[in-house]
Structure formats: structure tokens, C-alpha cells
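Modelling step: build the complete structure from the supplied sequences, incorporating the hints.
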Amino acid sequence: MKKWGSTGANLSSLAFLLLLIIVWELTGRAMHIPEYIVPAPSSILKVLLNNMPLLWLHTKTTFYAASMGLVIAVIFAIVLSAFMDKVKIIKKTIYPLLVISQTIPIIALAPIMIIWFGFGILPKVLVVVLVCFFPLAVNLIDGLENVDQELVELLQVMKAGPWRIFKSVQMPSVLPYFFSGLKIAATYSVMGAVIAEWLGASAGLGIYMTRAMHSFSTSSFFAAILIVVVLSMGLFKLIELLAWLFMPWNRVKEE
Amino acid sequence: MHNPKLVIKEVSSSYVHHGRELPVLNAVSLHVEQGEFVSLLGPSGSGKSTLLKIIAGLLRPALGTVILNGKELNGRTVKMGYMPQKDLLLPWKSLLYNAALPLLVQGTGKKEAYGRVRKLLPVFGLEGFENCYPSQLSGGMRQRAALLRTVLIDSEVILLDEPFGALDALTRERLQEWLLQIWEQFKRSVLFITHSIDEAIYLSDRIYMISERPGKIVLEQVISLPRPRARDIVTSPLFTEYKQILMKSLANESI
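Sequence order for the protein chains is Z and G. One point on numbering: in the working numbering, the residue at position 255 of the first sequence is 240, and numbering is uninterrupted. One point on numbering: in the working numbering, the residue at position 246 of the second sequence is 262, and numbering is uninterrupted.
These are calculated hints, taken from the structure and not from any lab test. Be aware that a few hints might be false.
[Stated by the list, open to error] The calculated label-pair distances, taken between Cβ atoms and stated as ranges, are:
| # | chain 1 | residue 1 | chain 2 | residue 2 | range |
| --- | --- | --- | --- | --- | --- |
| 1 | G | N147 | Z | A0 | 37 to 45 Å |
| 2 | Z | N131 | G | G131 | 48 to 56 Å |
| 3 | Z | I92 | G | Q152 | 47 to 55 Å |
| 4 | Z | V64 | G | K135 | 43 to 51 Å |
| 5 | Z | V64 | G | G125 | 32 to 40 Å |
| 6 | Z | L223 | G | P39 | 50 to 58 Å |
| 7 | G | G125 | Z | A67 | 39 to 47 Å |
| 8 | Z | L230 | G | D184 | 31 to 39 Å |
[Claimed, not checked] Far from chain G, some chain Z residues (derived; all Cβ distances over 12 Å):
| # | residue |
| --- | --- |
| 9 | G103 |
| 10 | V215 |
| 11 | F221 |
[What the hints assert, rightly or not] Selected chain Z positions facing chain G (Cβ under 8 Å, derived; list incomplete):
| # | residue |
| --- | --- |
| 12 | Q134 |
| 13 | E138 |
| 14 | W234 |
As the structure is a computational prediction, the values presented were derived from the model and not from experiment. Ideal Cβ placement from N, Cα and C applies to all residues, glycine included.
Structure below.
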């Protein structure tokens, strides 16, 4: 039986990571590297503990923008891919544009969003939506294309209605595609929110990072990076758990 | 008294490939009597599967008609016990659900549907495996599950498209014997597609031989071997005689 999370970190990579942290700590001390250039892991931890309430506030803002954007992107991607699958002309028209839109750098989009929508949460959510939408939509479209038509025909011969066919053929065969898109989108979502905040915000880990940089508080900067990593990993794991829960048939494969 | 279950009248079909029209079937006529086991024997690429799809209503013939129980179908899909080459079990559902699918599609309650499937599991040699996913079953078991599902489709005609084509010779022979037992129990009309002469003779009451593309019926042969048929019937003189007739006809066709 395949266990949930078996694709994630294993013991050996954890041990290696620990070793790297120890080496980092020791070389920092031995070579007297100044804190503002490379802070030691221990001082990063100290910042984390001392600034807990403040960091928590910023984390909440970033998480809110990221998760909200992700949810909206999921809804949009499902609606659009369903349309594109049903009406082929829409797909022919929109799909190439979708790909082109991905070549626009997000870092250039974020300031425009701020000019249009101000410094509130809206431009951040929009940036996250833009970043997350593409991997989701592409995976969903691929999934719908790869639905086994013979299975659909089989159900048609049994005189099954469209809802039954969707429920028992299309949806389950698209689910793995959906979840692999969602995993990518989830890790992008935190990054997208941080980039958007970086360029102007009243709260969030992105703005916290720029402030830390301006005051040469490198350890605070690293602490924020650590939170971003934990947040992204957490979302990633959550989605792996959802995939495990929703696709029980995938668990038996590795027997 | 002559009241055939299924009649195919002068069915022709073609498909367009790179702008050219390729004929697939050329005025094919055949019929299946009530409770009769009829095989359609022919080389690969003779349009056998196309004919089956036309009968099942998945394709429309260019010319000709399909008559079921004296009623013209005209490309409408009627409920048919159609079993394509691949077992086409839903990978995300248990054997129990897969087999019960035609009943569930009909609107039978889950409890009753599962009950009926459970009763038939021993006949199909599948007891104890009802909660397995298709990926956990052997090829032979998957074919039997697909056949169980086909039998549960509430129709008097069963269309089988090379159901044992992908199996090894030994499993294939076992399943042939077993199919005959099942058929004698359920007494449905069967139209069986195969490219194996031995398989056709062993199973059938009557054999139609179809030519290479464009498929045309070139021979109709009644098989009057006694039933029930034991495996060693394949060494009897009558069996050999039939085999010679069919082989000669097949050889003439492929030149």
C-alpha cells in the first residue's frame, strides 16, 4: 500500500539538510562572518522566536492572498477548461494566447497591478491568480483531452446520461492531472504573493523582506524566507494529502 | 417461425482518410437467431470492429440497416451487451462497481445491484476479488469481469469483439470453455468477433467469414458439432473438416 507523503522528504535528505545547517553554523562562527552578510542559523531562529507576533501578522496576510488567489485560479481554470473542451473553437482561439501570456514576466505585471488597484490585497490576489491559473488550466485541458473515448462510448451503449458519464469517466480520469497542476500552482501561489508584496504593500512577508533588507537585518530576511518555504511546503503536502484522499485507486499501484 | 433476433442488411461503411474515402465494409448482410452463437471470422483490418460499432449504434453506416427484434435501428443507440476488445474497466472503481455499472446506469439501487453481482461472482470465478481495483487483477480476470458486466446489460444480443485476443493461449482456451458454459446458462444471442479459426469453430453454431478490407461476407458455414462441447472436440474429424474449409476460404481471400 502506497502511503501518503511517500514522495516527499525522506530520512536521508533530512539528515543531509541537518548536516548542512550544522556546517553553516560552525563555519560562520569560525570565520567570524558578520551577521548582516550571512546570519548564522541560530540567529535566524532567534529572530523567528523574538518576532513571532509580527511575523505571524505578515504571514497571515501573505497566506490569505496566496490561498485566495489559488482558489480563484482553480475556479477559473475549471470553468475555462470545461468550455475549451466542449467548444473546440474556443480552445483553438484561446490556448495559444494562454501560452503567450505566460511569457510576460510576473515581476513586470505586479507594479501595473499596483498602479491599477492600489496597495491593498486585490493586486496581490490578482498576481497569484495569474501565476496559478496557467499550470492548472494546462493540466486540466490535457486531462480532458486524454479521457478514454472508448470508456465514454461504452457508457453510451449502456445508455448512461451525460452526468453519469462525467461522474464515472471524465472526472476521475482528469483528477490526477488536476492534482499535479494544483501542486505546481500551490507552490507558485506563495511566491506570487511575496513578489506582489515586494513591490508595494502595507503588510505581508514580501514587504517585511524589503524592510529587512533596507535595515540590513539579514537574519530577519532569512527568517522570512524560511517561513515562505514552510508555507509552500505545507500547501504542497496538503494537496498531496487531498490527492491521496480523493484517488484511493492510485494507492494500490505500487504493491 | 423464421424470426431472427438481429439482422444486418447490406451494411456498407467507409471512412475518410487524408481526403480519400476508404471503403471499410461492402454490403455486409448477416443475421443472428434467438439464442444462437454466431462468429464473424476474418483477418485483422477487415472492418469487423466497425461492424460491431455500427450494430451498437456508435457509428452510422453509409448504407444499409440494422434490425433488432424486427425493428430498424437507423443509427440509434439501443442498449446492447457490447464488449469491446479492451476490457475497459474503470480503473478508479472496484470490480464490484465495474460489474454492477450497467445496473447502476439503469437506476437500480446500489444494494440490489451489488447483490446481483455478488450472486454471479462464483460463476465468473471472481469471488473474493470484488473489492479489488482492475489494476490488481490478472488479464483473464479482467476479461471475465468485463464479460460479467456485459451479461448484466439487459439486452438479448451480446456483441463480443475479440474478447480473448490479448490473452495467452492457455488462459484463452480456459475462457473459451468457460464462455460456452456461461452461454448455455444464459442463452443469449451472441455475435462473436475473432480472427482465430479454432476459436470460431469451437464456440459457434454458425460462422461468417469476412474478407479483407473492404469487408465482405465470403462464406457462411454452419457448425453442427454436438453440444455441450468438450475441449477434445477440436481433434475430431468433423472439426478438422470445418477447419479445412475455413482455411481454404481464408487463403483464397488473402491472395
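Each hint, compared with the structure:
The hinted range of 37 to 45 Å is satisfied by G:N147 and Z:A0, whose Cβ atoms lie roughly 39 Å apart. A beta carbon spacing of about 35 Å between Z:N131 and G:G131 contradicts the range 48 to 56 Å that was offered as a hint. The supplied range of 47 to 55 Å is met by Z:I92 and G:Q152, whose beta-carbon atoms lie about 49 Å from each other. Separation of Z:V64 from G:K135 is about 44 Å and conforms to the stated range, judged on CB atoms against 43 to 51 Å.
Here the CB-CB span from Z:V64 to G:G125 is close to 33 Å, well matched to the stated 32 to 40 Å. A beta carbon spacing of about 57 Å between Z:L223 and G:P39 agrees with the range 50 to 58 Å that was offered as a hint. Roughly 30 Å separates the CB atoms of G:G125 and Z:A67, a value that falls outside the hinted 39 to 47 Å. Between Z:L230 and G:D184, the C-beta spacing of about 38 Å keeps the proposed range 31 to 39 Å intact.
Residue-level check passed: Z:G103 sits 46 Å from the nearest beta carbon of chain G, beyond 12 Å. Against the 12 Å criterion, Z:V215 stays outside the reach of chain G, whose nearest CB is about 33 Å from its own CB. Distance to chain G confirms Z:F221 as a non-interface residue, since its nearest Cβ pair spans about 23 Å, more than 12 Å. Contact between Z:Q134 and chain G, as hinted, is not supported at the beta carbon level, the nearest pair being about 10 Å apart and thus beyond 8 Å.
Evaluation of the Z:E138 hint against chain G yields a held restraint, the C-beta minimum of about 5 Å falling below 8 Å. A least Cβ separation of about 4 Å between Z:W234 and chain G falls short of the 8 Å threshold, and the interface hint therefore holds.
Figure legend: structure checked against the earlier numbered hints; hints not met, in rising order: 2, 7 and 12.
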